[in-house]
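Each chain, written out:
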Amino acid sequence: MPIQSAGPRLYRSVKFKHLVRGAGSAASRASNISLNLTPFVDMMTILVTFLLMVFSASGELLQAVKGLELPTAQAHDTLQQAPVIIVTKSEITYQGQLVATVDSVMRDDSPTYKIDALFERLDAAAKKIREDVAYGRQAKDLLKSCEDAKQNIRPPAGKICPDGLAILQADESTDGQLINKIVNTAKAAGFDNLLFAVKNK
Amino acid sequence: MAASIGTDDKKSVNIELNIVPFIDLMSCLTSFLLVTAVWVNIAQINIQPKGKSRDQAQVQQDDERVILSVLLQSDRIWVGLSRVNEFQEIPKKGDQQDWERFETTLKEHKSSTFFNDRTDLEIAAESTAAAPVKYQDIVHAMDIAVRAGFQDVGLSDPQGLAARPTL
Numbered sequence: 000m001p002i003q004s005a006g007p008r009l010y011r012s013v014k015f016k017h018l019v020r021g022a023g024s025a026a027s028r029a030s031n032i033s034l035n036l037t038p039f040v041d042m043m044t045i046l047v048t049f050l051l052m053v054f055s056a057s058g059e060l061l062q063a064v065k066g067l068e069l070p071t072a073q074a075h076d077t078l079q080q081a082p083v084i085i086v087t088k089s090e091i092t093y094q095g096q097l098v099a100t101v102d103s104v105m106r107d108d109s110p111t112y113k114i115d116a117l118f119e120r121l122d123a124a125a126k127k128i129r130e131d132v133a134y135g136r137q138a139k140d141l142l143k144s145c146e147d148a149k150q151n152i153r154p155p156a157g158k159i160c161p162d163g164l165a166i167l168q169a170d171e172s173t174d175g176q177l178i179n180k181i182v183n184t185a186k187a188a189g190f191d192n193l194l195f196a197v198k199n200k
Numbered sequence: 000m001a002a003s004i005g006t007d008d009k010k011s012v013n014i015e016l017n018i019v020p021f022i023d024l025m026s027c028l029t030s031f032l033l034v035t036a037v038w039v040n041i042a043q044i045n046i047q048p049k050g051k052s053r054d055q056a057q058v059q060q061d062d063e064r065v066i067l068s069v070l071l072q073s074d075r076i077w078v079g080l081s082r083v084n085e086f087q088e089i090p091k092k093g094d095q096q097d098w099e100r101f102e103t104t105l106k107e108h109k110s111s112t113f114f115n116d117r118t119d120l121e122i123a124a125e126s127t128a129a130a131p132v133k134y135q136d137i138v139h140a141m142d143i144a145v146r147a148g149f150q151d152v153g154l155s156d157p158q159g160l161a162a163r164p165t166l
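Taken in sequence, the protein lines are chains A and B.
Mapping of the first sequence onto numbering that gives the first Met the number 0: residues 0 to 200, in sequence order.
Mapping of the second sequence onto numbering that gives the first Met the number 0: residues 0 to 166, in sequence order.
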């Protein structure tokens, strides 16, 4: 590509006299503009302080489910990692997989008072967790809690033995009968320690 | 006495601090904290499923101890003692359960000789299609029980309560 001479340029080829005048007059004043950063720094400091106060190192153990409103309580014990049973207004899921619909469970009048599909999944999970605990495939502090539990020593919050531990994340408007069925099913499968997820007041 | 730092004017008493690194740090920290913030503070109530299941044979309780049982119904709460067979009925106040009286009752039981060294209690909800009991009420009852000193709350089937009122 051949090299060509430069085209028209501002102030040289195109005479913008008014602009030249303006630039000339501005040059007589200081060209530095000092921004007042004090409010910005104040706001940042307040924001960082607030965010540090609400910061949770444990992260989110529960997944947000659309339309699920947790019951409120004044309990302050922190949650810990465990299999999660989610009960929304229409569905029961275990570890994110649909187990049954609320309507079908409420219609079921079986005398065993259990949810069979949920029992199968919980039973398999309970066996796996028990095996993990037996072979020491869990965190050391949790294994210690399992030993303490045999001697009826209460574990600290968030350090409950994972053997037989599950989380129930149910909507606040869930029928008590359905909760009874889920608790009964969990108990039959070997989950004799349930954590009811609640929202802090 | 005063130093003029960052200015060309030797007589100036203004000190200019370089706040650029501070703003950089604050911006990074704010972005990180905003991304990792947990806005809903979730806690837990620890419960143990208790009592007999419906498919288990109804056998006589061989527990020598008195057990404090709470039965939640849609229009009242029953607080009962097994073996003694004493029941207190707490009717609904307005459109809500009388939680204040329930808490007072539990605290009275906690200070009694039966339970002053114990922390166990069993709760059951009798919910029917005509008279449903909501999960929020069950959680509220458990929360109150924990506050009253009964940390070992057990959720039982209404049929499996140690002390069940006969209506």
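Among the hints, erroneous ones may be present.
Restricting the straight-line Cα-Cα distance to at most 20 angstroms, the calculated cross-link-like pairs of lysine to any residue (SDA-like) are [said to hold, decoys possible]:
1) A:K126 with A:S109
2) A:K200 with B:I18
3) A:K158 with B:Q150
4) A:K200 with B:A36
5) A:K126 with A:R153
6) A:K127 with A:M105
7) A:K198 with B:R146
8) B:K91 with B:S81
9) A:K200 with B:T118
10) A:K149 with B:T118
11) A:K127 with A:Y112
12) A:K158 with B:K106
13) A:K139 with A:A123
14) B:K133 with A:M105
15) A:K65 with B:A36
16) B:K109 with B:G148
17) B:K106 with B:D94
18) A:K149 with B:R117
Computed footprint of chain B on chain A, listed as stretches where at least three residues anywhere in the stretch have a Cβ under 8 angstroms from a Cβ of chain B [stated by the list, open to error]:
19) 39 to 53
20) 62 to 72
None of these hints come from the bench; they were simulated from the model.
Every residue, glycine too, gets a C-beta built ideally from N, C-alpha and C.
Against the structure, the hints:
no.: 1; hint: A:K126 with A:S109; result: 25 angstroms, violated
no.: 2; hint: A:K200 with B:I18; result: 40 angstroms, violated
no.: 3; hint: A:K158 with B:Q150; result: 16 angstroms, holds
no.: 4; hint: A:K200 with B:A36; result: 18 angstroms, holds
no.: 5; hint: A:K126 with A:R153; result: 23 angstroms, violated
no.: 6; hint: A:K127 with A:M105; result: 29 angstroms, violated
no.: 7; hint: A:K198 with B:R146; result: 16 angstroms, holds
no.: 8; hint: B:K91 with B:S81; result: 23 angstroms, violated
no.: 9; hint: A:K200 with B:T118; result: 24 angstroms, violated
no.: 10; hint: A:K149 with B:T118; result: 18 angstroms, holds
no.: 11; hint: A:K127 with A:Y112; result: 24 angstroms, violated
no.: 12; hint: A:K158 with B:K106; result: 28 angstroms, violated
no.: 13; hint: A:K139 with A:A123; result: 23 angstroms, violated
no.: 14; hint: B:K133 with A:M105; result: 14 angstroms, holds
no.: 15; hint: A:K65 with B:A36; result: 19 angstroms, holds
no.: 16; hint: B:K109 with B:G148; result: 7 angstroms, holds
no.: 17; hint: B:K106 with B:D94; result: 24 angstroms, violated
no.: 18; hint: A:K149 with B:R117; result: 18 angstroms, holds
no.: 19; hint: 39 to 53; result: holds (count 9)
no.: 20; hint: 62 to 72; result: holds (count 5)
Of the numbered hints listed earlier, those contradicted by the structure are 1, 2, 5, 6, 8, 9, 11, 12, 13, 17.
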